[in-house]
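Trainee: Residue 921 in this note's numbering sits at position 26 of the sequence shown; the count goes up by one each step and never skips.
What the hints contain is simulated information worked out from the structure, not anything from laboratory work.
Among these hints, one or two may not hold up.
What the hints assert, rightly or not - Pair ranges (Cβ atoms, derived): (1) Gln1058 x Ser1012: 44 to 50 Å; (2) Glu992 x Gly1060: 29 to 35 Å; (3) Thr957 x Thr915: 33 to 39 Å; (4) Glu975 x Thr1039: 17 to 23 Å.
Using N, Cα and C, we set each Cβ at its ideal position, and we do this for glycine too.
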Amino acid sequence: MPRLFFGLEIPESIKTSVLTVKTDIKGARWQSEAQLHLTLAFLGEVESEQVTLARNNARKVTHPPFELEASGLGCFGQEESPKILWAGISPEAELRELQHILAQRLITDGFTLQNPSFKPHITLSRFRAGAGSVAGLIEHYQRTRFGSWPVQGFALFESSPGQSGSVYTVLERYPLTT
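Put together the whole structure using the sequences plus the hints.
Mentor: Now the structure itself:
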């Protein structure tokens, strides 16, 4: 069964910019540029007939294009023992609206979303147990603006295991329209 999620593709210039924060931290597994994305709705493992249903729901989403900016850093878990280091996203209002529209369509058709509480972010690194602190890194980059970009659409991704972590393949793109 394919492992799927809906998300935003990140422009190369933003990927390069956010990964400038990469440094040697105990237990860090940094994401590659190819792995960077912004998850809207994680579906998990999906039966083939559900893939068609998910695609059909996404095609019906209407939302105007908008602009996002990647800025600052944060983490899930404690700064002294993080689980994930991420770049922040702003403004959140239109992104949350898009995510809500998509999520409601999917939930109405019986999907159980794996990330019910949506926190917009770009995952930069995952950490093993006993990882080093990211407090200094977060402090250093708290006011950094990594760049902005126009969001013209979203995509359905398949996640599959690879030699250097997950490989994300775009299965279909959905343009934003009014």
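Trainee: Give a verdict on every hint.
Mentor: Hints versus structure:
1. Checked against the hint of 44 to 50 Å, the C-beta distance between glutamine 1058 and serine 1012 comes to roughly 32 Å, which is inconsistent with it.
2. Range check, glutamate 992 to glycine 1060: Cβ separation about 31 Å, and the 29 to 35 Å hint holds.
3. For threonine 957 and threonine 915, the Cβ-Cβ distance of about 36 Å falls inside the hinted range of 33 to 39 Å, so the restraint holds.
4. A hinted range of 17 to 23 Å holds for the C-beta pair glutamate 975 and threonine 1039, which are about 21 Å apart.
Violated hint for the displayed structure: number 1, the only one.
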